[in-house]
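Generate the whole structure from the sequences, applying the supplied hints.
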Amino acid sequence: MEVISFVALAAGLIIGLGAIGACIGIGIMGSKYLEAAARQPELMNELQTKMFLLAGLIDAAFIIGTGIALWFATANPFLGQIANLPK
Numbered sequence: 000m001e002v003i004s005f006v007a008l009a010a011g012l013i014i015g016l017g018a019i020g021a022c023i024g025i026g027i028m029g030s031k032y033l034e035a036a037a038r039q040p041e042l043m044n045e046l047q048t049k050m051f052l053l054a055g056l057i058d059a060a061f062i063i064g065t066g067i068a069l070w071f072a073t074a075n076p077f078l079g080q081i082a083n084l085p086k
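Residue 53 in numbering that gives the first Met the number 0 sits at position 54 of the sequence shown, with consecutive numbering throughout.
FYI, nobody ran anything at the bench for these hints, they're computed from the structure.
Watch out, some of these pointers could steer you wrong.
Stated by the list, open to error - Ranges between beta-carbon positions, derived for each pair:
#1 V2 with Q39: 52 to 58 Å
#2 F71 with Q39: 43 to 49 Å
#3 A37 with W70: 40 to 46 Å
#4 A72 with G26: 25 to 31 Å
#5 A60 with A37: 39 to 45 Å
Note that beta-carbon positions come from the ideal geometry of N, C-alpha and C, so glycine has one too.
Below, the structure is given as structure tokens:
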């Protein structure tokens, strides 16, 4: 197999696993927010602010992973090393 095929596989895994992790994290966080808001409705505004802040951080981690995966897919630093190998 060529190195570029491994890079494409790794980029797909980074994006796919990052998306799954972000979705699971936001789902769990949303369910805990609803539980906490049902227990103490007077804290709903504070909890909502913290929930949206954390949702942004979770999405930011996924978007950074996607950016790194796309960077490796388009500007692969390993191809220069492969070109220097004897055949």
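Between A72 and G26, is the Cβ distance one that fits in 25 to 31 Å? 28 Å, holds
Whether the CB-CB distance between V2 and Q39 falls inside 52 to 58 Å: For V2 and Q39 the Cβ distance comes to about 55 Å; the hint holds.
Check the following: the C-beta atoms of F71 and Q39 are separated by a distance inside 43 to 49 Å. Once the Cβ atoms are compared, 45 Å apart, the range 43 to 49 Å for Q39 and F71 holds.
Verify the CB-CB distance for A60 and A37 against the hinted window 39 to 45 Å. This hint is violated: roughly 28 Å between Cβ atoms.
40 to 46 Å as the expected CB spacing between W70 and A37, which holds or is violated: 43 Å, holds
Figure legend: structure checked against the earlier numbered hints; the only hint not met is number 5.
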